[in-house]
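Here the protein sequences come in this chain order: B and P. Sequential numbering of the first sequence, starting at 0, is according to numbering that gives the first Met the number 0. Sequential numbering of the second sequence, starting at 0, is according to numbering that gives the first Met the number 0.
For the record, the hints were derived by calculation from the structure and aren't laboratory data. Nothing here was measured: the structure is a model prediction, and the numbers come from that model. Ideal placement from N, C-alpha and C gives every residue a C-beta, glycine not left out.
Reference excerpt, derived from the structure (chain B facing chain P, CB under 8 Å, subset only):
#1 L3
#2 R8
#3 Q10
#4 A13
#5 L40
#6 N235
#7 R321
Pairwise CB distance ranges, derived in the manner of DEER restraints:
#8 R235(P) x R215(B): 37 to 45 Å
#9 E335(B) x E271(P): 49 to 57 Å
#10 R275(P) x E361(B): 29 to 37 Å
#11 G57(P) x A271(B): 18 to 26 Å
Counterexamples of contact, computed for chain B against chain P with all Cβ distances above 10 Å:
#12 H146
#13 R207
#14 R215
#15 C222
#16 P223
#17 A254
#18 Y259
#19 V281
#20 L334
#21 V367
#22 K380
#23 V391
#24 T427
#25 P466
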Amino acid sequence: MSTLRALARAQAVAAGRAQPVAVVRHLHLSDRPLVLVPLTLAGEANAPLAALVGSAPDEARLLVVPQPRNRDQRFAFAAELAGVLLPYLDSFRQVTEAVAVDRGRDVRYRCVDAPQLLVPNPAGVTFLRLFGRSTRFRRVDGDYPVHPSVPLLGRWLTFFAERAEQPGSAALLPLTEALTLHWATGQSAVEDLHLPAVLGWIDPPPGRTGAEAAARAEDPALCPPAGPATDPEFDNHRLAPAVEAYAAAGDDPAARTSAYDELAGLLREQLAPTWELMWRGVGLLRGLPPGARVAGRWAGDRDAFTAHAEHVDAGGGPQPRRDGAVAAALRLQRLERALTGWAVQRAYDDPLVMAEHRLAGEAFVGEVTLADPARVDDSGKRPVLRPRIQVVTAEPVPMPVGATLWSPARPGQKAKVVFVTPGGDGKTEVVLELSGGMGRGLSAPAGSVPEVGERICLTSLSDAFLPGGAFPAPEETPWTHGGPPEHHEE
Amino acid sequence: MEDRLRDIRGGGPARRHNARTIAALTGNPGCTRRAVLDSAGADKPALAQRLGFPARFGQSRFAITRGNAFEAQVKADGGAELLRLVAERLGVPVPPDATWTDLGGDDDRSARSRVALTAGGDGPALFDHPLLGLDVAGQRVYLEPDLVAARLAGRFHVVEIKSFPVIDGQADPAKVAAAAIQSAVYVLALRELLAAEGRDPELVSHEVVLICPRDFGNRPMASLLDVRKQLLVLRRQLARMARVDELLAAVPAGFTADPTADPARLAAALREVPARYAPDCLAACELAYFCRHEARGHTGALGRPVREALGGVVEVADVLALAEGTRAPEPEQAEAAAVLRAAARLRAEALTGNPA
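Only chain B is shown next, with the shape it has when bound in the complex (with noise of 0.2 Å):
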């Protein structure tokens, strides 16, 4: 927790709604995102009880699983939520864009868009990577066969959860992790997974407080959980009564059909309010002008989607139990890279969030007060453009000399401390030279050196690409990590 987003926290109590810690929004949302409000029966493991799905306000699709015990009515309800997030995959794959890549010598495909799933918390992201990861392995043949898009549900559903794990990633949002990155409640990081409460903080009803609104959400009694769990009051006195019901109606069609309607009316009323809040949440997340970088990350998810689409066209296998060893440290440094260049590129996007960097010495802010844009250091093989420019600062600048640094502004350009130099009122001077985003001739085209009286913003932090790291195939393992894995495993 970063002293400006603990203040941001002090600031909400005492103004009694949630203040803002990002000005601009650091995450792509879809013009029709899929939003899913799923249960859980308690107790069991991971297993179903309802959902409320739909890519708009109006076209909330209820599915029930009326015996939640019932393995076959657990596959038919995922047969039924493919149904719905299968068509809905597949409407991105229809328009195709060409990327260049190895330096244009070849293209690549990608889709122009990319489907975006949204929960309403970081429980319900669990909730469907362990469904992925029940529904994936299951087979249309032998002695338990399920529907044929049960497995593929699940192949996509851990592709969405795996996505989620990378920072960065709007490919599966927790809604209430989405809100709490650009606003700051007055309340705790764990009443922060309480997607109710955390409305209530950004968005109070006129005449309460953001703490009155909370605590109102709190109550089960006037606003249901916003799951996966369920409130236990409502199992004991409404749900159970209504699944005995439904059980006991036997064979008897009419009777089973009133104890259906009786639960899925039951259940819709549980979720149904979620269901509202889930576009409340994109509402507010709509009113911020999106950052700068996030059509780059956006990309990456494009990306992903398409390639995992690919691969599940050339009849892929599911995603194993567990990664081996090289396709381990893989993941491990594709998410440390990912998490990097989140910090970086939000930073970037963002100055109410590089004011967190300044306060901890990683960025300061100045004004231009000398410039030599046309200096050419000639002491090599060949003369070079290096212009130099000073900086006046009154905030702290912990760098030293010799030390690499980046201006959001002109992010190709590295600026090397030359000189610092504390004066008697407060302020540092801090002599700069520059290299890079200038052309390749011997001198800076206009805009590309900053000019007397700029103020710029300059940080340690790079959004430069990282090379990948090299590893060896999965065949030469190393025996120190097990060696080759002895065969695929399922």
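With the hints as your guide, set chain P onto chain B.
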């Protein structure tokens, strides 16, 4: 002293401790209010209800049914399946059979448990529902664990049957952590029982066997949990927990936690015994919503990371006053105040759209 405790809880019978309440007590050892109430065996759920901040620790029928069904399934046939799972997990030969002693029931369980568990004999044996005792905050509390003590190859192992699933070798970390600390309570109690009868407490293994359903089905699987760390924490915190007489010395005379008392009087009484609220309490203590209400406006209510990031300043109002520079910091707050002022300036600058 017993009288004093009875007066505090309002004359009713003391609520029984179980491994969960003891494990929870070690979670927030600095909370005097909770230590007093738990030592007196006060009816905290009723208290919270009376104060207008009811606890939300309901359990779903479905979860209870599933838990019971799984336990019954594992214990079926005189524990034959259980014995096999435990022996295989421990890497000892599966004995052809084992004695099964159910120590449940009503009469004199404490003595029967003591005799059965300390009688000696090294043959494979399973003991279901033993009654164990432990000294907590100067009070003898009895635990009625829903567990089986397995004696295999001459050593006792605590066996916990839990109905949360282990999927691809992984379970919910929070649930495993809770099971580990609970099991550690049982290991400790079992060791004390043996030691009191002059037997070697180390006969009770620090390796606990956790039996959970595997993946998405009902087939049980056994895992080993090493609870040495939990035992250390537990021992240290049980030792550190103020003795109840010292605790009571600081409690004002006439203090009451009688759930039938007038709510206003109750609230006033409770306020005289300091609590140490943290957001984690919401998941562990029945009185948490009352304490949270009381802690409103304190940085601690926002969680420890927030409080630490704010330099440990206790009140939200003070944080804002220091950040705005409208209040001079105490000497020990000087550093925190400087950071807060810088943070406030940077926030305001970024929010008003100054270029960065």
